[in-house]
Amino acid sequence: MNVRRAGSIALALVAVAAASACGSSGGTTTVTKSQAGGGGDSKVLVGAGSTFVAPLVQQWEADYVKSPAAVTVTYGAIGSGGGVDQITARTVDFGASDAPLSADQAAACKGCIQIPWSLGAVAITYNVKGLQNKIHLTGPVIADMFMGKVTSWNDPEIAKLNPGVSLPDTHITPVYRSDGSGTSFAFTDWLTKVSPDWANNVGTSTQPPFPTGTGAEHSSGVVAAVQATDGAVTYVDLAYVQANDLQYALLQNAAGNYPEPGIKSVIAAAKVGTSNPDGSISLVNPPASAADAYPDATFTYVIVPQSSPKASTLKDFLKYAIGPTGQAFGPPLGYPKLPSSIVASDQQLIDKIGS
Amino acid sequence: MTTETPTSHIPLSARRRWRLGDVLLQGIAGAAALGLAALMVLLVVEVVGQAHAALSEFGLGFLHTSVWNTVKDTYGALDLIFGTLVTAAVALLIAVPLAIAIGLFLSELAPRALRTPVGTMVELLAAIPSVVLGLWGILVLGPFLNEHVEPFMIAHLGFVPFLDGFPSPVGLLPACLILTLMVVPIVASISRELFTSVPGELKQGALALGATRWEMVRGVAMPQVSGGLVAAVMLGFGRAVGEAIAVTQVIGGSLTRPDSIYAPADTMASRLAAQYAGTATSLQKSSLAYLAVILLVISLLTNVAAQVIVRRIQRRLGHR
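Sequences listed follow chains A and B, in order. With the first letter of the first sequence counted as 1, position 328 gets the number 328 in the working numbering; the numbers rise by one all the way through. With the first letter of the second sequence counted as 1, position 1 gets the number 1 in the working numbering; the numbers rise by one all the way through.
With the rest of the complex left out, here is chain B (with noise of 0.2 angstroms):
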């Protein structure tokens, strides 16, 4: 030990009880740490074995099949996967674009005296529980969509394909919106993090150069946050992929693939979460571990794609 020297002064006593502090430490992070990696690789194991039916019965198949058929025991995941996709694209679709222009506003263009309540708000939007958005959704939100703004979009937009159809208090359309409502929060602090963290001495530069606000956050600060934003916007989309209980309150739970985005449809989760208590049959509870394999991989993807394209950034912008 070269660290002798200065602990030599303390009681032996004293020095014992610091080793065994220390080896306390080293043991309880270690095994909170491998804990939570078994717990990862027990639950994958669990989730797959619950699928083995379903995997061995449909393989792949299961991918592009649309019928989810209790009576004649056969299942496919086509029309949740469509349901998903388009859920949590429309959802980013919207949200991404609002959220960064908050995350714009509370780093750079509010009054100060503005920034820590707007952004304490922002921040408490993300803290609701998804099942009282949910609940909103059903009391609020999916009536006024379909007494105002859904026979509105159908008299006006109904000749563009997918818009027309009947209005419907639950449905694709308020599943879109309580999503984006839930990612928003997300990747707006994201982005005022990451805004708030571009040096100050690159954006005052820019100023002085004579750049316009405008100028500097397209040419200094978007460029150096991209990274960020980029992941932040994979965040958003796996809540919005993985979310359940609020899309199960106000999607409707269709059967079958949505015809207009007014008509009831169905995610992933949302199908997992309504269907597993009570299955018709185990295949049935089995294709249901199957979406939750699904989702897995989909999270994976999602995580190493964040991940690749983050690095590929940084590499481009110097930073190794």
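Excised from the complex, chain A in its bound form (with noise of 0.2 angstroms):
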């Protein structure tokens, strides 16, 4: 062998990892066309999307398919930007977000319907050591907090809501979803509402710009980021924080109150949530006259096309979902059941789709 040899299988290698270079940045779950959309077996349903949701809607696949349906569901808790590309793209029946679709989504999606079937609140969990569980904090504190204004545990804006409390000099670590996810929509939409400061430099997104921090995927991720990280802080959907046996903070409403995170105060939100022109219901910062209500809830939709090749599969397990046996799965993660006002607008909704 000579040098001109060794050089040019060198180069042939080159090549070959150039090339190689480029195509690896994969790495994402997609459904492929044959599992689901354009036809298919009707025993079957594919969905995918918000993370926020998914375990309940695990807990509906494995109920579902022992049902006299016996429909099975498959579920990709991808997140739920993913969920929303997927559905657009009809390579699924059916997407799940927690942000409502933005007028640009609704468009490209053609003639996709939103269904609220669930909701939930978003906690705000964090792992300091030497810090206790529920912390008291406020939406404009968390804000600076998420813009790197408020850097330490010990800070005398943490410490000014928190009297008595021993706080650690711990550097704050935010974690955020790297990925879109509904989850940061509500998240952000909360505190855009209460500080003009996060509204005017960061805003409302399912992918928001946050200026500092760690990103993780998925609501998995995030947790599993905040537990290995001593002063970090995140927020995730309340299931993931009870499933963890994380800590959390109280979050103060508009009323001036510390509501627990949960069934109730969740539900209080949703009584005074407010209808938005695009059908979605915004449950953030209730006003101060639902004492209890928590600050920081959302309702969490599935999207389905008007006219889907499954059809009539797909109506009878959204009326599962949303009906007495699905919703009776929420309280114990942490979902409360769907208002009877929502359960009833959603009927109509369902019985849009056509095939």
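In short, the hints are calculated from the structure, not lab data.
Derived SDA-like pairs (lysine to any residue); straight-line CA-CA distance at most 20 angstroms:
#	chain 1	residue 1	chain 2	residue 2
1	B	285	A	90
2	A	129	B	151
3	A	110	B	283
4	B	72	A	211
5	B	285	A	108
6	A	319	A	69
7	B	285	A	89
8	B	72	A	212
9	B	72	A	197
As the structure is a computational prediction, the values presented were derived from the model and not from experiment.
Two chains, each in its own frame: build the complex with the hints.
Here it is as structure tokens:
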């Protein structure tokens, strides 16, 4: 072997690597068209999206296949943004998102209906050595933490809200969702409403431009990142907090109270929810009249095409999900049952689905 | 046909089969090669097509803008180019000397009994899927750096800009180290092959003239293989720049430029992997495709640069 041959071997390898370098950016879950969308088995429904609602949908999957309908539901918890993408491309039978479709997305989705099928609290969870559970926080202080303006757990802004609590001087590491997330939407929607500073500098989005901190994928990812980092704080569906025995903060609502996140406080918020023109319902920052309402709750939506090749299977499953059997799985996981007024309007939306 | 004579004793039917075989071989091999070339062209067309909206919206300004804001719907790649180049450069800086040393050891210095087992281990390291390395980064390397290495570095090297800051289990440093681990086996196995390819007479000649091992390596082996080594380094660079998953797992996906080597950052490939599923706006999706275009261009430039350098060195050595 001479130099030229060795050189040309190496060159060939360079070419291969250059090509593979460009190809290795996949890694996200996609559902292939053969599994869903255009036709196929009417005993199978494929969905994807929100990780917020995933623990509940997993219960439905297990129960619904055993029910008389005997339909296998497969749900990919790929994040709300991914769910919207997949239903827009019709690679799944239903998508799920905690954030209502933006005007842009609704247009691209061509005749999609969004149906609220559960609701829950966005909890603020933290992992700080030497700090007790359930410290008090307000929206503006959390906004400052996530903007890098409050950088230490013993900052006067936090101390003011927690008299008598011993606060370590640990550095605050905000952790956020790096993928498109309805939880991010609900969280930033709240901060935008209670902190003018946040509204001006960051704003509301499913992928907000967080000025500082660490990104992680999916609800499970941010939880893992918080568990691994002393001083970390994040926002995540209450069900994940309960399942992992994490510490969480009590958040101040408009009335100045610190309600426990859970069924009661979310229902209190849902009672005063305001309807948006696009059919979504906003639950964040409920008015002071709702004294016990949780300040950062959200509906979570299933997104279905108005005309689906599996219309009847899909309608049956959705009626099951919003019905008494489906909703009964919610409370043990931290999702309240849907208020009856929502169930009634959901029924009408489901009836719009045709083939 | 001039080859009629040797095949004339074979029955006509067999000869016909042979021709059929030739046709099939030609067809299949040709289709495979042309198909791949066509795929490459289609891939570039598709990526550029997807990036079109961002290309026309931001133009080349994309390359020197550091904002990545889904609310204002404006995007720029500067922070990501920074993250990509810093991680790749640091990884190469650590990996290349290490890998050349390993290559030398395995080809020239190691006892014969050690060469095969150690060489195999090095090659196995290259075969570990990057997602597994990334997982190791999350579970072992990140926490170790966070608890032991980074506090030490901050205490003793904190006066150096960029080495001061707060420890973090995810960030630039673990990303650099994971990339180092991915680059070392590639460069090491190529450099071992290169050193082995140096004609034994040359090496023995040098030694016979009284050269020490080191003088033989520096004076005879190195110049012979330098072209190949450059190509190996370029290959490592391509790997480091393009790696997405392992980097996503340990770099911390920051949306802003890091202020220290411990802080979360992001690279182009990692941003693509993390955000492509579920973008907030169509312009964001297009901007991610723009990142893919930049990666393609970097790969192309790396490739061309490697070829040019290798040719130049070969010419200098008198191989045409």
